[in-house]
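J.: Chains as they are written, first to last, in this note's numbering: chain A, 34 to 388; chain B, 34 to 388; chain C, 20 to 360; chain D, 20 to 360.
Just so you know, the hints here were simulated from the structure itself, not pulled from any lab data. It cannot be assumed that every hint is accurate.
Simulated restraints on C-beta separations [what the hints assert, rightly or not]:
1. R209/D - E55/A: 45 to 51 Å
2. P219/D - R183/B: 53 to 59 Å
3. D320/C - T71/B: 57 to 63 Å
4. E350/B - P25/C: 45 to 51 Å
5. D279/C - A294/B: 35 to 41 Å
6. F212/D - E234/C: 54 to 60 Å
7. S371/B - E234/C: 53 to 59 Å
No farther apart than 30 Å at their CA atoms in a straight line, the calculated lysine-lysine pairs in the DSSO-like style are these [claimed, not checked]:
8. K286/C - K72/C
9. K236/C - K287/C
10. K181/B - K84/D
11. K355/C - K286/D
12. K72/C - K236/C
13. K78/A - K287/D
14. K181/A - K72/C
15. K286/C - K359/D
16. K206/C - K78/B
17. K252/D - K236/D
18. K291/A - K287/D
19. K286/D - K359/C
20. K190/C - K24/C
21. K206/D - K286/D
22. K355/D - K286/C
23. K286/D - K286/C
24. K287/C - K181/A
25. K287/D - K286/C
Stretch by stretch, here's where chain C covers chain B in the computed footprint (C-beta under 8 Å, at least three residues) [said to hold, decoys possible]:
26. 68 to 77
27. 145 to 153
28. 158 to 168
29. 214 to 221
30. 224 to 231
31. 320 to 332
These figures come from a predicted structure and were not determined experimentally. Ideal Cβ placement from N, Cα and C applies to all residues, glycine included.
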Amino acid sequence: MINTAGSATAAGSELSRDELTELYYHLRLTREVEQVLTNLYRQNKVIGGLYRSLGQEAVAVGTAYALRRRDDGTGDVIAPAIRNLGSLLMMGARPVDVLRQYMAKGDSPTWGREQNVHFTDYDRGFIGLISHLGIMIEVMAGVAITFKLREEERVALTWTGDGAASTGAFHEGFNLAAVQRAPMVVIIENNRYAYSTPVSKQTAAASFVARAPGYGVYGDSCDGNDVFAVLEMTRKAVEHARSGRGAALLEVHTYRRKGHAEHDSQQYVPPGELEEWEARDPVDRFMRRVIDEGWLTQADLDTIDDQVTKEVDAARETAEASPMPEAEEALAEVYGGSAARRPWTRLATPDPREA
Amino acid sequence: MINTAGSATAAGSELSRDELTELYYHLRLTREVEQVLTNLYRQNKVIGGLYRSLGQEAVAVGTAYALRRRDDGTGDVIAPAIRNLGSLLMMGARPVDVLRQYMAKGDSPTWGREQNVHFTDYDRGFIGLISHLGIMIEVMAGVAITFKLREEERVALTWTGDGAASTGAFHEGFNLAAVQRAPMVVIIENNRYAYSTPVSKQTAAASFVARAPGYGVYGDSCDGNDVFAVLEMTRKAVEHARSGRGAALLEVHTYRRKGHAEHDSQQYVPPGELEEWEARDPVDRFMRRVIDEGWLTQADLDTIDDQVTKEVDAARETAEASPMPEAEEALAEVYGGSAARRPWTRLATPDPREA
Amino acid sequence: MAGEKPEHVRSTELGKPVTMLEAIREALWEEMERDPAVFLIGEDIGDYGGAFKVTEGFIDHYGPKRVIDTPISEAGFTGAAAGAAHMGMRPVVEMQFMDFVSCAYEPLTNYIATSRWRGSGPVPMVVRGPVGGGVRGGPFHSQNPEMAFFHTPGLKIVYPCTARDAKGLLKAAIRDDDPVLYFEHKKLYRAPFLREVLEPDSEPIPLGRARTHREGKDLTIVTYGMMVHESAKAAEQLAQESGLDVEILDLRTLLPLDEDAVIESVKKTNRVLLVHEDTRTGGIAGELAMRISEKAFEWLDAPILRVTAIDTPVPYSPPLEDYYLPQVADIVAAAKYLAKY
Amino acid sequence: MAGEKPEHVRSTELGKPVTMLEAIREALWEEMERDPAVFLIGEDIGDYGGAFKVTEGFIDHYGPKRVIDTPISEAGFTGAAAGAAHMGMRPVVEMQFMDFVSCAYEPLTNYIATSRWRGSGPVPMVVRGPVGGGVRGGPFHSQNPEMAFFHTPGLKIVYPCTARDAKGLLKAAIRDDDPVLYFEHKKLYRAPFLREVLEPDSEPIPLGRARTHREGKDLTIVTYGMMVHESAKAAEQLAQESGLDVEILDLRTLLPLDEDAVIESVKKTNRVLLVHEDTRTGGIAGELAMRISEKAFEWLDAPILRVTAIDTPVPYSPPLEDYYLPQVADIVAAAKYLAKY
Ligand SMILES: Cc1ncc(C[n+]2csc(CCOP(=O)(O)OP(=O)(O)O)c2C)c(N)n1
Ligand SMILES: Cc1ncc(C[n+]2csc(CCOP(=O)(O)OP(=O)(O)O)c2C)c(N)n1
Ligand SMILES: [Mg+2]
Ligand SMILES: [Mg+2]
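Chain A on its own, in the form it takes in the complex (with noise of 0.2 Å):
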């Protein structure tokens, strides 16, 4: 059940054009977005975290771009994890929304109740997880049983990283849709590290695609550094699945290149390990690739750098310039048609009857 095929170097070839352009584009946007919130987290201005996708972007891109998109809310639906910027950009996503929920921007999508990713658009179709490793896979196995139970030729697609594949809710959520032959595709993202902890601390498999005969489903596994490869396994799971033959499992081998948040030194990782993975950068290999093969001129791919370069500087400017959210919008929507109690100690007269 498992295609061990592995990463096929004849991927690619069978992309236009425009398809080329687009995968690029979106490459080129995940990196450039990450890198303003690099600035703005430098200048203080993202609240919290930074949690950054460097050297994984072809895994996003790749992934979701295997997926029927649409903004009705009748295409595939995805989870993504933390480091799924480049998936929800490909949903559709704008950049200044993900800069607003960095900054807690009252404009966010979460009214600047949530961070960073934590995000959702139906319509699009991404749903925004919460930190909770392993909570989405279950989320998502509803997704999927959903689209079944519906008859709907839809996808739910979702990723964990090597981390999050320890949980209980990846086996339980995981198993619910494997048993329930739901359209439903996990990509274990091995980024070789779960906050410091190694992979070998994770897990004494060989590999994590070897759970997927355990679960009964299909599974693959590629380089997740090659975006062609992404795309070729990620098509062939997400058909798969569309087609009623049950979940899919992959696995993509790729690199956490800046530590786990834009605040963690890595002085865990052994000397020499970056430079390593810097070299197999998947968008410089992406460049090296359609360059090579003609498919693409470095004057097609600058046009693109510049296009996004000036999208993601408006986005900034106006993520910049949205408000903050007012104290009391905090009270709102807990429940439907009624707001949360004010504090009573806030009344004019604070009397404890009156509030």
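Following the hints, position chains B, C and D with the ligands against chain A.
T.: For chains B, C and D with the ligands alone, coordinates are given in the frame of chain A:
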């Protein structure tokens, strides 16, 4: 890593007469204790449900027989599941205590607070489960980690049903033991049902032992109705664990003949299935084998039967004569050194200030 | 479809009295009939019809897509229900025993309760199942887990104690856009004294409103679940023995709490006793006492007191469990003490 | 071994003032030194030294068998800690953030809390980690999860707010034979105003006893954690502005609750304000109000009132979080209201 040899028909020939006697005694004892419990249940003397292991005794007895059984707290440690009465007895639990538990007596090992096989004896090496499925895998992972930490050559062994294997607790607990290379053996007792749920609704996988490579552990499986095969398989896995080579995942194939509990009508069981498995009864099979091979005689077996009947009958008499607990005993032992508060309303002068 | 409706969900239609369990079953059936978005998910709820047979026969009619038997994975299928709810479904999750909802504590309190507030939209789902003691179920089949969730903004908690309320509140819970925990006292499921003739096509009973189970003027008992009936017995005894006229308020919905109803009754009787089957420390009596103190302190002629279970797990053996549970005699003793205060 | 002791756990020995974080670190170190049964287990606690660097350097000294880095599996390693405790060990579990203890809710409340009572022996273990808001951590890195456990007989809950208490209470928690949840307010970890010179070889501070943080005669504030310090600021302001003499009781241990200390103080001041950082409905104020009503009703000259967070998840954006959290001004307003009552 998976030993696919399955149930070796040669298994058993290495056993001495004493060992064979011990095995038979425990198979018979398990069945007799449960038969007496069924009678007590019909007389309404059992409080709550009765969970039988009829047809699965070879698993309980054969697995536990592979262990170092001591009564001074230095041997191997088990945590039985609900159908491992035979393992408990093998470790040295007394039938009278089992009967007291089921009748909620005040001198039961849990003073009437807990049910059936939910009781502990650290000297003899067994830890009482609670109802929440999966949790004992987590607990036993900690027992195994302790053995490794203290460099004791002891093994932690526990069972899980085909149903409980779906819990997140199974995954988190077993993966922890696996990655720690702790001396832990987990037996998935596949008896085809979890309450009314058939295995086909529990997993899409072809087998449970197919999970072993996903955890990077030793795996094996066998016919659970052949006590010799069970013993041989478990001995190998226990040896593997004890010698520092890490955790093991075993699967035994058996069948739950008496339904989930005595009150289960088993209407969901397809016709013929019960008869089919009755024909594979593990005790009958043991008897046929030892007689056919000339290892023991019918007379030998009859002697043991008599002994068991007498013992269990004596235990029943003692247990029936045991007192129910005193009401106020409920308050003790919530914390060390202090009892819970009595209901103030039951004081001579109810006044909460005096409670 | 009505023609196909099996006998055991037609009692109300036929004018026959129903037990609380039957009322629950009928509510589920009628909501599934009314709204194709409603589906059931849980362990052994299909062919077996559930451990207490609440959903017996449902799978034959609605099929395995709307009556989903799950692996043993409370967190998994509770989380999955949230995903389905996101997609416009209205899942009703069964916990075989509510004791096992502890396994789904994480998705319920973190993901599900906060979804609307986080801007991820409402999560219309119900988690229902049997709770409560007195059936010799031992510590893990007798729990009252309301206080595990009472502290979580975003969740609603419903705990009915009559057939009528069970039916009406379950309908409301299913139609509610917020996640609702719905507790069914297993000792009341088939209690003959709760059999009641209900009106066909009954409307939902709005969540969040307490019900005056008994009117009175001398003392208010605020309670819910099994303890409503134990309090009613105590009230009869108190009327006879001491001429005390006790008012009983059945909260029915614990979250959001019907504070107004509590305050109003306390202002009328000036004495209040809080009764719950749940353990003492950290039980809902505390929140009630706090609210009464905040809003009706001046009206109190006696301390706010409570009668509850003792602070231990639920013991298995009958003498222990009876000692553990609040008894009618306890309520009587407390009420007399308060009346004399 | 003392010679090898690294610099960063020797501040007390050298007579230097320690932060709350350093006090916690020293307590862990000294207990591991004293008792080989003590070991640490959790995520990223080894080479990385923990998300807040509490256990920095421990693995170098005590090795990977006593400082165990785990897979991401809070339920798994909490359950495993119980197994180790059964075998005579004294595990100290770190939750990277206490928000994730919700994942271990099931083993903690069912298995661990009840073990002794079930006859399976005591479970000496500590689950410790950072709690609390005010650091812009958002809804899942700012929680105060005490009320998830306050309702569970068999558990203890400790919540220190000074370096001295943090050290002494953690030692006591580790030596205690019952399972203890130990909460560390992340905003207090390195708060400079909490730096304190402690005595070397300090003894444990017994669990279950409140501490009078400030003596006063006009009004009692019962609180804990960060709110002790916010209340102290309020008390200063009240003294200056209104000449009010406020007593502040720091609960320190929430379970078991030091009821006697609360009652005694209320009997002295006749007015009580309950303050917690945690949300309002179902917060610990309820239980306190109930106990005060039970035991000191006659002494109350004013209603029991509370100042708490609002009933929402913890918001991320600064204006929202500040609105969410109880502020000094709220405490002042409530105290003035009570004083005038
Ligand atoms: C249940 C839970 N436990 C702990 C954490 C704290 N935490 C946040 S991210 C992280 C590491 C995640 O590693 P991995 O799953 O490999 O994802 P990566 O960061 O490598 O993308 C941890 C431990 C959490 N968010 N949830
Ligand atoms: C977490 C949890 N969920 C549900 C239950 C209710 N329950 C008790 S036994 C059982 C079936 C167990 O099946 P399996 O694990 O196969 O063991 P078997 O009874 O077949 O030995 C269920 C669902 C439980 N005890 N714990
Ligand atoms: Mg990772
Ligand atoms: Mg089974």
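J.: State for each hint whether it applies.
T.: Status of each hint after checking the structure:
| no. | hint | result |
| --- | --- | --- |
| 1 | R209/D - E55/A: 45 to 51 Å | 47 Å, holds |
| 2 | P219/D - R183/B: 53 to 59 Å | 30 Å, violated |
| 3 | D320/C - T71/B: 57 to 63 Å | 58 Å, holds |
| 4 | E350/B - P25/C: 45 to 51 Å | 49 Å, holds |
| 5 | D279/C - A294/B: 35 to 41 Å | 46 Å, violated |
| 6 | F212/D - E234/C: 54 to 60 Å | 57 Å, holds |
| 7 | S371/B - E234/C: 53 to 59 Å | 42 Å, violated |
| 8 | K286/C - K72/C | 43 Å, violated |
| 9 | K236/C - K287/C | 7 Å, holds |
| 10 | K181/B - K84/D | 8 Å, holds |
| 11 | K355/C - K286/D | 25 Å, holds |
| 12 | K72/C - K236/C | 41 Å, violated |
| 13 | K78/A - K287/D | 49 Å, violated |
| 14 | K181/A - K72/C | 26 Å, holds |
| 15 | K286/C - K359/D | 23 Å, holds |
| 16 | K206/C - K78/B | 20 Å, holds |
| 17 | K252/D - K236/D | 17 Å, holds |
| 18 | K291/A - K287/D | 58 Å, violated |
| 19 | K286/D - K359/C | 23 Å, holds |
| 20 | K190/C - K24/C | 18 Å, holds |
| 21 | K206/D - K286/D | 33 Å, violated |
| 22 | K355/D - K286/C | 26 Å, holds |
| 23 | K286/D - K286/C | 26 Å, holds |
| 24 | K287/C - K181/A | 56 Å, violated |
| 25 | K287/D - K286/C | 28 Å, holds |
| 26 | 68 to 77 | violated (count 0) |
| 27 | 145 to 153 | holds (count 5) |
| 28 | 158 to 168 | holds (count 5) |
| 29 | 214 to 221 | violated (count 0) |
| 30 | 224 to 231 | holds (count 4) |
| 31 | 320 to 332 | violated (count 0) |
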